[in-house]
Structures are given as C-alpha cells and as structure tokens.
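Guided by the hints, dock chain B onto chain A, whose structure is given.
If you want the building blocks of each chain, they are given just below.
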Amino acid sequence: MSDHSSPEEIKKEVTRYIAVFVALIVGTIITVAASYLHINSVAETVAIALFIASIKGFLVAGYFMHLISEKKMIYGILIATVFFAAGLMFLTIWSMQSDSLIHTSLIHN
Amino acid sequence: MEIPYNSTARPDTGLYNAKLGIWLFLASEVMLFGALFSSYILLRVGAEPGAWPHGLLNVKMGMINTIVLIVSSITVVMAWASLRMKNWSNYKKYQAVTLICSLLFLCIKSLEYRDKFNHYEIQLTDGRVADGHLLEQDADKVVLHGHYINKEEAAKVTHAWQEREVKEEEISIKQSEIKVDNGRKCMENYGPWHNTYMAIYFTLTGLHALHVIGGALVIGFIWGPGASMWKTDPERYTNRVEVSGLFWHFVDLVWIVLFPVLYLL
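Heads up: the protein sequence lines correspond to chains A and B, in order. Mind the numbering: the first sequence is residues 245 to 353 in my numbering, read in order. Mind the numbering: the second sequence is residues 794 to 1058 in my numbering, read in order.
Simulated from the structure, these hints should not be mistaken for laboratory data. Each hint should be verified, as a subset may be incorrect.
[Stated by the list, open to error] Facing chain B, according to a computed beta carbon distance under 7 Å, are these residues of chain A, among others: (1) P251; (2) L268; (3) T275; (4) A293.
Quick reminder that beta carbons are idealized off the backbone N, C-alpha and C, glycines included.
Just chain A, same shape as in the assembly (with noise of 0.2 Å):
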C-alpha cells in the first residue's frame, strides 16, 4: 500500500472500509442465525460455519491488512506460511487415519 495516496484515493479507501466493516458485522449475524437452523446434518453446520467464517477472515485480510494490493515479498512469506500451515493439518488428519503409518507403528511398538 502507497504511503503517499492524495487525501481523495485515501477517502475512497476510508468508504472501502465502512463497506467491509457493514459486510462484517452483517457475516457474524448471518453465522450467529445460521447456528439456530435446525440442520441435521453435522458436515452441513460446519460447512456453513466455516464458509461464512472464510469469507469474513477473507475481508479482514484482503482489505483491513491490504493483501489485496500487497507487495510481491509478503505473498512468498504468505506462500511459505500457508505450505507449512496446510502441512500441519494434513499430518493430524493423516494420523487420525487407522491405517496411517503413525498408527500402525504404535501399535507394532
């Protein structure tokens, strides 16, 4: 993000903001209502939960932290984290599978 914007491109981003914040607050609502639908299914209700979720951390990073319009060396750092964060889930549900080598060489030991 340029340091040096005119006070009217910085007024336009100010409007961008109270758009994101409205959008927010509607998002949390929207998450809020969506936990009382009497939804059986459990892979539905986190589903929602997570997409609406996804959405609102998507605004707060895209515009409250300006990812969208980013230099090109916080992407790579961003790159690198999401790698090594995605790694981290991947082996937790990788061991939750029974047939996973970390399982089978438990019970082997």
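Frame of chain A, contents of chain B only:
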C-alpha cells in the same frame, strides 16, 4: 549510526523494516494458532460419538465480543487513514475507541470465564448427574440452576441448538446425595480441568486474550507515551500505527475463526 529503511521503503522489496518484520512475526503466529487448531481437530474428531459437549458457551456474549473486535478493527484502520490525511485529532479519537473496545472485549471474556468457574457438574449416588450454575452451597445442601443430564439423551445431542432447548430449573441436592469417589466428592466446575473441550477452549481463548492484551499495550503506548514521535518523524510514526494495526487485525482474524468453532459447532 542510522538504520536504513526505518521509515522509507527499500527500493527492491517496496517494504520498510517494520512491515517486513511484522509479516514474518504474523507468519509464526499462524503456525502457533495452526498447531492449536490442528489439536482441536484431533480432539474433536477423536471424541467418542456424543461425547463432545455442545451449547456450553453463551452465544450472545461471544457474538457481542465478535462485534466489539470488528468495531476495533475498523477504528484501527480509520486511525491510520486519519494520520495519512494529517488529521491528528481524529487519529486520537479512533485509537481511543480501539483501546476501549479491547478493554470491553477482555471484560466480557472474564465474565464468560467466571460463568464457567461457577458452572458445576454433580454426580449423585443414584446415578443421575446434575448440571447447572451454583446458586447456594452450605453444609447440608447444594442448590443449582440447571437440569439433570440423561447420559443416553446427552449422547444424541450433536448440535448446539439441541442443547439450548433444554429447560433449566432450580435443583436442590443434599450433600449426602453427592457421590464420593476415592474420598473426593464428585462435584466439579467447568474449568480447564473438567474435560477436553474445556481444556482446548481455555487454551485457545486464553492465548487469544493474551494477544489482545499485548496488542492493546502496544497501541496504547504508541497512542500515549510514544506520540511525541509524530512531531519529530511523522512518517515513521504512521508506519508504527500501520504495523500495530496489522497485528490487531490478525487478532481479529483469529477470533473470527474461534467464534464459530468454539461457540456454534
């Protein structure tokens, strides 16, 4: 010796030092919270069917706290925009609101913690389990506002909305009716020791609350004692506000994920 790129961006990366530093720090924070989230997934998926508790937390309190953090996020970014427009008084007002929001968030969180420390599960000698908030306790009896748990019915609860429909009433239990196991009464509150869910709840929200305290201290320092830099090096001061704001937005982002995961699912 003057450190280069403290307030101006390095030509090749387009970043000043603190901005690169905060993003590297936030990357490490993603891994920290990522490790705890993966622990949550492991515990949740590994729980026996019907064993994972639902509806234990106050959704209204959680929702108010979410809104409080969202308000603080916009005031942080508006404060930064005000500085870029050289509007010092607006900056001060917006950051004051941010600091008030951070205090409000912590107050609500501590009320929620107090509620859990006052919420008890009591096993009775006849096999029933009473669950509710402690109203009164003396040498003869314990009075709760809650309900009796039917283990078979409880196992069928898989959604928070099912738990919220349980009717609560005043329950008076004689001290002699409370089951004793190894010389210890089976009466325990919902602290982090109570079950796996409460343990991960306190760990995740406690760590998040520490981040709120840390962020508020930094924002408060820049806003108060550190404000003199605005007169000597306004560009560097604006960068400080931006960097502390990035951390604050990350704290908000973590809560956006924590709220549905812990309160609603």
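Hint check:
Satisfaction of the interface hint for P251(A) is found here, the shortest Cβ-Cβ separation to chain B being roughly 6 Å, below the 7 Å cut-off. The criterion of a C-beta within 7 Å of any C-beta in chain B is met by L268(A), whose closest approach is roughly 5 Å, and the hint holds. Of the supplied interface hints, the one on T275(A) holds, with its beta-carbon coming within about 6 Å of a beta-carbon of chain B, less than 7 Å. Satisfaction of the interface hint for A293(A) is found here, the shortest Cβ-Cβ separation to chain B being roughly 4 Å, below the 7 Å cut-off.
Violation of the numbered hints given earlier is absent; every hint is satisfied by the structure.
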